[in-house]
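Q: Knowing the structure of chain P, use the given hints to seat chains V, Y, Z, W and G on it.
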Amino acid sequence: MATKRLGFIIRGLPYKTEASRLAMTHAIASQSVEIYLEDGDMVEPVVCFVGDGVLNCLKNQQAMKHYGITSLEQHIKNSLLLDLKVLICKEDIERLGIKEASLIMDAEDIGGETKAQIVPYSEIQKEMESVDHLLLS
Amino acid sequence: MATKRLGFIIRGLPYKTEASRLAMTHAIASQSVEIYLEDGDMVEPVVCFVGDGVLNCLKNQQAMKHYGITSLEQHIKNSLLLDLKVLICKEDIERLGIKEASLIMDAEDIGGETKAQIVPYSEIQKEMESVDHLLLS
Amino acid sequence: MGKLTIGCFSSLVGSLSLDFAVKLSEAAVKKGHTVDLWLSGNATMLSKKGQKAFKDYSHLQKPIQELFTTGSFQMTACEACAEARGYHKEDTMEGCKRFSMDWYLASCFSADRVLHIGGD
Amino acid sequence: MGKLTIGCFSSLVGSLSLDFAVKLSEAAVKKGHTVDLWLSGNATMLSKKGQKAFKDYSHLQKPIQELFTTGSFQMTACEACAEARGYHKEDTMEGCKRFSMDWYLASCFSADRVLHIGGD
Amino acid sequence: MKLGVLMSDIRTGSDVIGRLTAEKLGIIFVGNGIYHATVKEDGKASSILGKSATFYVLSEDLESRGFSSSDVDSRVKPVTYSDLVDLIFNDYEKIVWL
Amino acid sequence: MKLGVLMSDIRTGSDVIGRLTAEKLGIIFVGNGIYHATVKEDGKASSILGKSATFYVLSEDLESRGFSSSDVDSRVKPVTYSDLVDLIFNDYEKIVWL
Numbered sequence: 001m002a003t004k005r006l007g008f009i010i011r012g013l014p015y016k017t018e019a020s021r022l023a024m025t026h027a028i029a030s031q032s033v034e035i036y037l038e039d040g041d042m043v044e045p046v047v048c049f050v051g052d053g054v055l056n057c058l059k060n061q062q063a064m065k066h067y068g069i070t071s072l073e074q075h076i077k078n079s080l081l082l083d084l085k086v087l088i089c090k091e092d093i094e095r096l097g098i099k100e101a102s103l104i105m106d107a108e109d110i111g112g113e114t115k116a117q118i119v120p121y122s123e124i125q126k127e128m129e130s131v132d133h134l135l136l137s
Numbered sequence: 001m002a003t004k005r006l007g008f009i010i011r012g013l014p015y016k017t018e019a020s021r022l023a024m025t026h027a028i029a030s031q032s033v034e035i036y037l038e039d040g041d042m043v044e045p046v047v048c049f050v051g052d053g054v055l056n057c058l059k060n061q062q063a064m065k066h067y068g069i070t071s072l073e074q075h076i077k078n079s080l081l082l083d084l085k086v087l088i089c090k091e092d093i094e095r096l097g098i099k100e101a102s103l104i105m106d107a108e109d110i111g112g113e114t115k116a117q118i119v120p121y122s123e124i125q126k127e128m129e130s131v132d133h134l135l136l137s
Numbered sequence: 001m002g003k004l005t006i007g008c009f010s011s012l013v014g015s016l017s018l019d020f021a022v023k024l025s026e027a028a029v030k031k032g033h034t035v036d037l038w039l040s041g042n043a044t045m046l047s048k049k050g051q052k053a054f055k056d057y058s059h060l061q062k063p064i065q066e067l068f069t070t071g072s073f074q075m076t077a078c079e080a081c082a083e084a085r086g087y088h089k090e091d092t093m094e095g096c097k098r099f100s101m102d103w104y105l106a107s108c109f110s111a112d113r114v115l116h117i118g119g120d
Numbered sequence: 001m002g003k004l005t006i007g008c009f010s011s012l013v014g015s016l017s018l019d020f021a022v023k024l025s026e027a028a029v030k031k032g033h034t035v036d037l038w039l040s041g042n043a044t045m046l047s048k049k050g051q052k053a054f055k056d057y058s059h060l061q062k063p064i065q066e067l068f069t070t071g072s073f074q075m076t077a078c079e080a081c082a083e084a085r086g087y088h089k090e091d092t093m094e095g096c097k098r099f100s101m102d103w104y105l106a107s108c109f110s111a112d113r114v115l116h117i118g119g120d
Numbered sequence: 001m002k003l004g005v006l007m008s009d010i011r012t013g014s015d016v017i018g019r020l021t022a023e024k025l026g027i028i029f030v031g032n033g034i035y036h037a038t039v040k041e042d043g044k045a046s047s048i049l050g051k052s053a054t055f056y057v058l059s060e061d062l063e064s065r066g067f068s069s070s071d072v073d074s075r076v077k078p079v080t081y082s083d084l085v086d087l088i089f090n091d092y093e094k095i096v097w098l
Numbered sequence: 001m002k003l004g005v006l007m008s009d010i011r012t013g014s015d016v017i018g019r020l021t022a023e024k025l026g027i028i029f030v031g032n033g034i035y036h037a038t039v040k041e042d043g044k045a046s047s048i049l050g051k052s053a054t055f056y057v058l059s060e061d062l063e064s065r066g067f068s069s070s071d072v073d074s075r076v077k078p079v080t081y082s083d084l085v086d087l088i089f090n091d092y093e094k095i096v097w098l
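Residue numbers (the numbering used here), protein chains in the order written: chain P, 1 to 137; chain V, 1 to 137; chain Y, 1 to 120; chain Z, 1 to 120; chain W, 1 to 98; chain G, 1 to 98.
Simulated from the structure, these hints should not be mistaken for laboratory data. Do not rely on the hints blindly, as some may be mistaken.
[Stated by the list, open to error] Dumping the calculated DSBU-like pairs for lysine-lysine here, alpha-carbon to alpha-carbon at most 35 Å: (1) G:Lys40 - V:Lys99; (2) V:Lys59 - Z:Lys31; (3) V:Lys99 - G:Lys2; (4) Z:Lys97 - Y:Lys97; (5) Z:Lys55 - Y:Lys89; (6) W:Lys40 - V:Lys115; (7) Z:Lys89 - P:Lys65; (8) V:Lys99 - G:Lys44; (9) P:Lys85 - P:Lys126.
[What the hints assert, rightly or not] Far from chain V, some chain Z residues (derived; all Cβ distances over 12 Å): (10) Ser17; (11) Lys49; (12) Phe68; (13) Thr70.
Please read these numbers as outputs of a predicted model, since none were measured by experiment. We put the beta carbon where it would ideally sit given N, CA and C, even for glycine.
Just chain P, same shape as in the assembly (with noise of 0.2 Å):
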């Protein structure tokens, strides 16, 4: 019986790799890894923002209306919704004049109970260290 946490770290913006979007849909593949593994045995995500990463937690990203996509905005709610761990890096929401108004800081409007969080980047220097694997993109 083990949980291995993987720290998904995205630095890169929401639309001109699938990078972030990979990551998003790999963090939450983690809520079917059981049929992989032995009884017990688990996957914990952590995700993470930031650098220009933080840019794919604005809200209102109409990519579904102009591009038929998925937005990254309803990656991040349904990771949300699935309780994974979500920070965000407060010096870099400073850096890019993000308010935090302007952020998507939670799913209730599809009944998930967990909140991302701003953080200091000392925080994600932490997560990254205490994972067994990082995966940044």
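A: Chains V, Y, Z, W and G in isolation, oriented as in the chain P frame:
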């Protein structure tokens, strides 16, 4: 009877994307374009390396040995063999500390007579103004 | 009315450059222009038939099929770039042509405007 | 001896990230390690069978077939990412598996080292 | 020349734009270029907006990324794909993608 | 933590590297990252080389791009794919790709 001049402006590095490779192979393809055109019509490419793109022009690229793919060096030589005009930005090679001796300046080893030219950016700007279409990558 | 030649070298899904090229083509054709779309490098992915629609991935097959019906739009994939990726003639989306790179230069020859999207 | 899981999300040809992943796999297997290579996003291009060898494009089919014979290497493509690009089961290179994304997480679970090449 | 530049990135390409000159220069922010029109890093607008040019931003790409016209720098005009076609055919002779 | 960073680009990623800290930090230049080890822009070596870390560069990627060991900054050690496997398994516990 018309000649259309196409300016291939290469600003990207040789091996991260295919951009510079494809610019070169498309420029070289001008040699067989007549099959699609009326008698006497022509396409004349000019190839300019600017910014980090000048790093495509370094000698001794061993991409074939290590990765089994044609080097950009070979493509530049092939275009000189076909007498394409090849310009390399002087300010950029100076900025990156590249000496002329490190650059592919001719294709004598494969029988080419045309030489590449190191020119100030202002000359490249003039080329960009004189061509019919710009293909920057 | 003019002719626009777009060369796109970017990979399918994710970069959205191909989505941009297709949307620009739609808007240009709607205004009465003609469009040649050249797919080279990773953009030849767009020429593969049988792409399945999912909400997490761009799905451009439908708008392209509609563009073909206008008669003002043609799409051609670089044959070598396609073959290198394992896309053979029988793998190609209906209506999409395959030629060597000189086709693009010839299209540029007669174009009023050229947009070369060179990166990945 | 350990287990290395590599996740690669980069497109075939050009970026050389897949070439890097394959060469690193070869070197690791040669030293007695085992390697899982997970292909997601545009990297699923590597799972397409029938890629033709040209000198202007990476050709990784051969080294991968050799890696399969060692028994210390497995390669799996993300099924949805492949289908979105029009790669169906019958298009898949021999020896390459297809699973959903949770396969990668399970491989990470039992890996000693994970290398996630996330960009394009 | 009359040059239209489609600027698709925020972290690269500024070096190229910095040197470009044209009698008539238009810079159209598309894709990840839209952040030049919307984000003030360390309180400062993108240096590209200081260039002598006419600036546009593609509304669809703006909205896909969570911004609206009201977030756009006053020097930049939002345009649609349809407007972009007119810019390409009527206002500029050469077009490049950065 | 013991962290190995595979640095694959020259124009992006420096912001991430700048903030990373680790008890033991190794930076391995691969792909277009090799320019950090070989090019002096405006006469100055890459700022990354000023970081407190052990530096490596992948020989194959160096040579593919037209450089040799003699072009490499003295702080950086050329390694092969085989060496890289040992670094990954023996020297570092976590590996990231930038």
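Q: Compare the structure with each hint and give your call.
A: Status of the hints after comparison with the structure:
At roughly 12 Å between alpha-carbon atoms, Lys40 (chain G) and Lys99 (chain V) fall within 35 Å of each other, so this suggested pair holds. Proximity of Lys59 (chain V) to Lys31 (chain Z) is assessed by CA-CA distance (about 34 Å); at most 35 Å being required, the pair is judged to hold. For a cut-off of 35 Å, the pair hint linking Lys99 (chain V) to Lys2 (chain G) is broken: about 39 Å separates their Cα positions. A distance of roughly 31 Å separates the Cα atoms of Lys97 (chain Z) and Lys97 (chain Y); the hinted pair therefore holds under the 35 Å criterion.
Taken as a hint, the Lys55 (chain Z) and Lys89 (chain Y) pair is honoured in the structure, with Cα atoms around 20 Å apart against an allowance of 35 Å. Of the supplied pair hints, the one linking Lys40 (chain W) and Lys115 (chain V) is violated, its CA atoms being roughly 46 Å apart against a limit of 35 Å. Annotation: proposed proximity of Lys89 (chain Z) to Lys65 (chain P) holds, straight-line Cα distance about 31 Å (limit 35 Å). Only pairs whose Cα atoms come within 35 Å are accepted, and Lys99 (chain V) paired with Lys44 (chain G) is accepted, the gap being roughly 16 Å.
Between Lys85 (chain P) and Lys126 (chain P) the alpha-carbon distance is near 14 Å, which keeps this suggested pair within the 35 Å criterion. At roughly 9 Å, the least C-beta separation between Ser17 (chain Z) and chain V is not larger than 12 Å, which violates its mark as non-interface. The Cβ of Lys49 (chain Z) sits about 19 Å from the closest Cβ of chain V, beyond the 12 Å cut-off, so the non-interface label holds. Against chain V, the non-interface label of Phe68 (chain Z) holds: every CB pair exceeds 12 Å, the least being about 19 Å.
No Cβ of chain V comes within 12 Å of the Cβ of Thr70 (chain Z); the nearest lies about 20 Å off, and the non-interface call holds.
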